[in-house]
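Peer 1: Now for the letters of each chain:
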Amino acid sequence: MEVTSPTFKQNAVHALHDAQLQKALGNVRAGFIDKRRKAADALPEFDALRDAARDIKDHTLAHLDLYLEAYEQKVTDSGGHVHWAETAEDARRIVLDICRMQNARTVTKGKSMITEEIALNDFLQLAGIKAVETDLGEYIIQLRNEHPSHIIAPAVHVNKDQVEADFRRVHDYLPDDRDLTEPETLLDEARRVLRAQYFEAEVGITGANFLVAETGSSVIVTNEGNGDLTQLLPRVHIVIASIEKIVPTLNDVSQILRVLARSATGQDMSVYTTLSTGPRRKGDPDGPEQYHVILLDNGRTSMLGTEFQDMLRCIRCGACMNHCPVYHAVGGHAYGWVYPGPMGAVLTPSLIGVDKGGHLPNASTFCGRCESVCPMRIPLPKMMRHWREREFERGLNPATQRYGLKIWAAFAKRPRLYNFVTSMAIPLLALFGGRKKRFSFLPLAGGWTRHRDLPAPESRTFMQQWRERESGKQRAAA
Amino acid sequence: MSDSGQARPKVGLFVTCLVDLFRPQVGFAAVKLIEEAGCDVDVPMAQTCCGQPAYNSGDSADARDIAQATIRAFEGFDYVVAPSGSCAGMLKKHYPQLFADDPDWRARAEAFSVRVHELVSFLTDIMGLDAVAAAHPATATYHDSCSGLRELGIAAQPRALLASVEGLTLKEMRDPDVCCGFGGTFCVKYSDISNAIVEKKTQTIEASGAELLLAGDLGCLMNMAGKLKRQGSAIEARHVAEVLAGMTDTAPIGGKG
Amino acid sequence: MSARDAIMGKLRKTLGAGADDATRRETVAKRLAKPPKGIVPERGQGSDAHKVKLFCQMAEAVAASVTRVRSPERVPKTVSDYLRAKNLPASVRMGADRRLKAMPWDKLKSLELKYGPSDGFDEVGVSHAFAGIAETGTVALLSGKDNPSTVNFLPEHHIVVVDAKDIAGDLETVLSGLRRKFGKGGMPRTLNFVTGPSRSGDIEQKIILGAHGPRALHLIVVG
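Chains as they are written, first to last, in our numbering: chain A, 17 to 494; chain B, 7 to 263; chain C, 1091 to 1313.
Any given hint could be a false lead.
[As the list claims (entries may be wrong)] If you only want the chain B side, here are some residues facing chain A, beta carbon under 10 Å, derived:
1) GLN31
2) PRO50
3) ILE77
4) GLY82
5) TRP111
6) VAL138
7) CYS152
8) ALA162
9) ARG165
10) VAL194
11) GLN237
12) ASP255
Rather than coming from a laboratory, the hints here were simulated on the basis of the structure.
Cβ atoms here follow ideal geometry from the backbone N, Cα and C, with glycine treated the same way.
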């Protein structure tokens, strides 16, 4: 997909003026936050489980090579195939090869951010294979030729009238009098259309929330049931997962599951948590005949052992963006690539380069709400700051910013000079502030005064007044 | 003059650059509150800013220089107190991280950080204050500034002390813990997004029905007051220390009306 | 170099594998052999009666319906009552699960029983759960030659029978049960944990039941 992260600022302005989008973003603020809080509050062990979840992933990452080996062995033992892919291109090629072997014409897909990351749909389309998204939100945005604006609610930016229009445009057999005005009727239409696709598809592709080394199982966590039909009905099931999805044992899955759904949607448990282990077995009445797993690196090994390693704990719950004031203001598309919000602000520069994704870690107030809700206790603001350091080291931020900062720092490091200059400048500024005690315009402060007044200084600096007060005291004492 | 045999704790006030330049009376209010709580206060002249603008812009080298100067300037004090959750958070939580690769300075920064406190939590948690002798008849709403709330756990303390202010009624706004959009340099680098965030904030402030906005960080206050004034709001804004110290004779932040 | 070798090489280099590999391998082998128990919520602990009660409560809280019956003999009648109450045709799809087969279905002359996987045209599917999980109101369903997974997803209504004695307080207990049943590291091909009926909130964040899976989940707790 086209990367528009470099024009984040313009994307943001565009988003801020999109009235429909702004209304839709209200649903994020209203919906997710309260539900998460209630679910977390109802489980006294919630915060201890967050610690446990963090420790599990840290342990796994420190032994990732060995757990991958163990996992691979288990998948092979259960009759599945493991493929390794270093890059997005490699992964796409492996998918295509499997599809070609099956003479596949239709592929169904469960909701998967990793296939967004490797831009699989467009690739398959070009190869003449129809890829059908089956998650309701993903289906809607596929019809709109868009990308997800949220990692667990991909169509959160769309309203029901837009969905109706899209359905009428694409499902052109629909009679005019068919009621499609409510989410219920829209869902029924999608359910009917997609049912047929599950049976038609030769290959079903899903992502994975976890890969379990103990058993060689892939785990998907969903609410709709589309992921299950995708991996159950076609002849071939392909799982695509990045290597950090590994966890050691089923018990570790259990620990993380307890924080996943609560953090994501405020459910204690998502409706369907499914563990798939290998293909259909002898005597099984249903299930895929082939089971493939593609283990994808695509930049993960380069994050390991760096200040960005903690990001590899991410379980893609979306809590960070649900609680982010910047995401609330501009929505997901403004971020310009696959992953939006705070987790995207850290991950995007890792995966597409800080030269392209540099705006993202800068566009944060460091309010820390993301870290405070992250089930895996990922220090997101800290890692955004690390990206800013890398940018600064490489001289990637604008020259005016760098010089401004250097001049300011030169003063800040020389208290005498600093106090002298400010004691001259501040009274003047206070004077200009006048009786209103504020500025509605001030040269060089346009970034501030364009949107808000600037409160004027009271009079003289504190340091000036304090010095006088103290020397006055000394005189009085003498 | 101390009436007990115990020595009064020596407190170094970290004024913060915004208070120094824009609102000295917050500094004097802090001095008054700390002295009344039973401490001696001094203000080292060798202080400027906590270094956040550099630190948050990725300029760690300058941030480290500033941190070292600050740590040196405050040696010899029992406590270092700042009337800002954001600056106190920088001193307390981030200075040690700045010296991850420098064991000597890391140890110094850690020893320094344990002495650092934000003003209001210092009064309540360290000095055991549970009431102040101030009066301010008004209906106020309190905004939790992000760093104070999430880095230092400041939420109950200001509310507890404000409850003891005679004539003051506290009316909570919806989502008092949501960022005001200031974010230091963020508010000018991404001014349109910052504006969208502060607009939502002023809506909730207005909806609270309060006539006075209080917070513990001048940066957030200047942002919110600046927006309220631009919108023509009559709501006044003050630092929480001004009200607790009974120093509310001067004009509010950004002026009246 | 194969992609596997390239990725493994990078990992092992970054992780400093090599010198202390024996220790690392031992750590991993130990954890796989003896999975740590972790933190288990207090919520599901207590007497069997508490677990069953909590299971029913939690299931109802996620929009499943629950009926309790004293013995397996009562299940067919309960199913038929459900069909009538919902105005559904007298026909159910199920696997050849021996626990289900042992129930007196033949007493209900008008009820059509269809065995085998679902073809997508079934109104009602019936499954027998491996276990229930009280902490979340979840049922665990295993695939196997007599238990098609399609029955869990394709019918409009899904009825799941669960024995009260199989209702555990927490997920870990069920995982231990799986290890006992399939051996260490063994698994059925498909293990479904189902918590309430299918739903979606993808249009304007409004939760609607019956997205792609069953619109209704009815649990029959036996014993």
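Peer 1: Indicate, hint by hint, whether the structure satisfies it.
Peer 2: Verification of the hints:
1. GLN31: 6 Å, holds
2. PRO50: 9 Å, holds
3. ILE77: Interface hint status for ILE77(B): violated (13 Å vs cutoff 10 Å).
4. GLY82: 17 Å, violated
5. TRP111: 16 Å, violated
6. VAL138: 21 Å, violated
7. CYS152: Since chain A brings a Cβ to about 4 Å from CYS152(B), closer than 10 Å, the hint holds.
8. ALA162: 16 Å, violated
9. ARG165: This hint is violated: ARG165(B) lies away from chain A, its Cβ roughly 19 Å from the closest one there, beyond 10 Å.
10. VAL194: 3 Å, holds
11. GLN237: 9 Å, holds
12. ASP255: With a minimum Cβ separation of about 12 Å from chain A (threshold 10 Å), the hint on ASP255(B) is violated.
The structure fails to meet hints 3, 4, 5, 6, 8, 9 and 12 from the earlier list, while all remaining hints are met.
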